[in-house]
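Trainee: Sequence:
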Amino acid sequence: MRAFLAGTALALTAAATLISASQADVTDSPGALKPLASPADTAPLRLQERLVPARTLDRLSAAMGRPVGVDAVLASADRGMRASAGCSAADHASLPVTPAATRAYCWDPADATGTDWQPASVTTSGDADDDGVWGTHRVVLAGWTHSATSGRAAERGLARVAFVDADDPARLAYRWVLLVVPVDGGRDYRGLSSAISGMVWYEDKLLVTTRTGSADALYVYDLDRIQRTSVDGPAIGRVPGGWSADGYRYVMPAVGSYRFTAGRCARSGPPCPGALSLDRGTAPDSLVAAEWTAPEGDRNARLWRYAFSTAPARGGLLATDATGRVEAVEAYRTGATGIRGVLSYWQPGAEGASWYVGRLPGSWNGHGGLWRQDAAGAKAARCGADGSHRCWAQSTASLAYWQETGEVWSLSDRMLFAVPLAELDRSVG
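When you line the sequence shown up against mature numbering (1 follows the signal peptide of the UniProt record, and there is no 0), it's residues -24 to -1, 1 to 405, in that order.
Calculated from the structure, these hints are not laboratory results.
Some hints here could point you the wrong way.
Claimed, not checked - 20 Å max Cα-Cα, derived EDC-like pairs, lysine to aspartate or glutamate:
| # | residue 1 | residue 2 |
| --- | --- | --- |
| 1 | 355 | 272 |
| 2 | 355 | 401 |
| 3 | 10 | 350 |
| 4 | 355 | 4 |
| 5 | 10 | 272 |
| 6 | 355 | 399 |
| 7 | 10 | 179 |
| 8 | 10 | 327 |
| 9 | 355 | 327 |
| 10 | 10 | 303 |
Make a model of the complete structure from these sequences and hints.
Mentor: Have a look at this one:
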């Protein structure tokens, strides 16, 4: 894989390196991170764990059939991704200007047309296991959310995940899995009706953010509890003759959730959860989160982390106290707004972690900015003769560090791509 990466660096076209002078730059530095340590600051970040009863999950699997895992989904991959050379100029224009992507892929034409479904979050088997593989496969998971205001009414607001087989870097293929939530004690399920702007695959669990249609901040899914549907129809849930999921062959039912103890996200209370990522530089490993705020708004975002549990029976779940509560183990206020990607990484010899944030421009579209922050200050990637900060991907999305390969994976509004972390660091000085 490393040999392949070395020989396939992408050459960005001149069109991708030009940024319109009429667009406002993401030029305001978010400044140094400000620690949040007082109870008044950290209490709004407290979560309450709510696990789905085992009998509910068992009842659902007894009715639908034995659950399957990631291997079964990958074996049935029915859509291919085109490598960079086969993608359009518009696809290329959505990639970062600086640092340049070393790998990039565009989606199957069936998914690339239209704007009802949009990619927003990414995680990989490099998050799931420190050897970078799940079983024998290298896997990328990409979360997509459907618009709540357009398209077919049955699909509005739903969330799905592309399970991407990345074993062969030249030939990626994927299969969709619809995210659902068990209801009626496992006798039925409903679609997860929420944007999933953040997503982390850790051990056998997938944690996704939710902001609409639920008081829960995070939903938890089990990668070993994927269910096959039996009816190809537009309904979602139990139907005459079996189980349907709007045409999807697979569904993944939630096995738990976390909600803020102080209530729904609000301006003066708990944050609206946005981007997520995994940090393996802490002990224990931790879930990193960023607050969802409007680009160039008047509300600066919070960054924080939760520790993962080390209990053998709680693989992939967050560390809780005896009452099921989860406390943030570290929190900061940043001057950044419009954060759609976050990553925390501990540089060798550093006293603390560097935080990377991908920010949307004020216009909500076009190229965003990428900043590296710590307690001392902030630096951004620059590009163009005027030193613009709008160098990151269009409609910038989440970040996931694949430790085994040294790559940071992300999404533009049109492509899945990877950038070496070393290049990302060089781009910000």
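Trainee: Evaluate each hint against the coordinates.
Mentor: So, going through the hints one by one against the coordinates:
1. Restraint check for residue 355 and residue 272: the C-alpha separation of about 18 Å stays at or below 20 Å, so the hint holds.
2. Restraint check: the Cα-Cα separation between residue 355 and residue 401 comes to about 10 Å, which is no more than 20 Å; the hinted pair holds.
3. Taking the CA atoms of residue 10 and residue 350, the gap is near 9 Å; set against the 20 Å cutoff, the hint holds.
4. Between residue 355 and residue 4 the CA atoms are separated by roughly 11 Å; this keeps the pair inside 20 Å, and the hint holds.
5. The straight-line distance between the Cα atoms of residue 10 and residue 272 is roughly 19 Å, inside the 20 Å bound, and the hint therefore holds.
6. Restraint check for residue 355 and residue 399: satisfied, since their Cα atoms lie roughly 14 Å apart, inside the 20 Å limit.
7. The hinted pair formed by residue 10 and residue 179 fails the criterion: a straight-line CA distance of about 31 Å is larger than 20 Å.
8. Straight-line distance between C-alpha atoms of residue 10 and residue 327 comes to about 15 Å, which keeps the hinted pair within the 20 Å bound.
9. For the hint pairing residue 355 with residue 327, the CA-to-CA distance comes to about 18 Å; that is within 20 Å, so the pair holds.
10. Among the hinted pairs, residue 10 with residue 303 is consistent with the structure: their alpha-carbon atoms are about 19 Å apart, no more than 20 Å.
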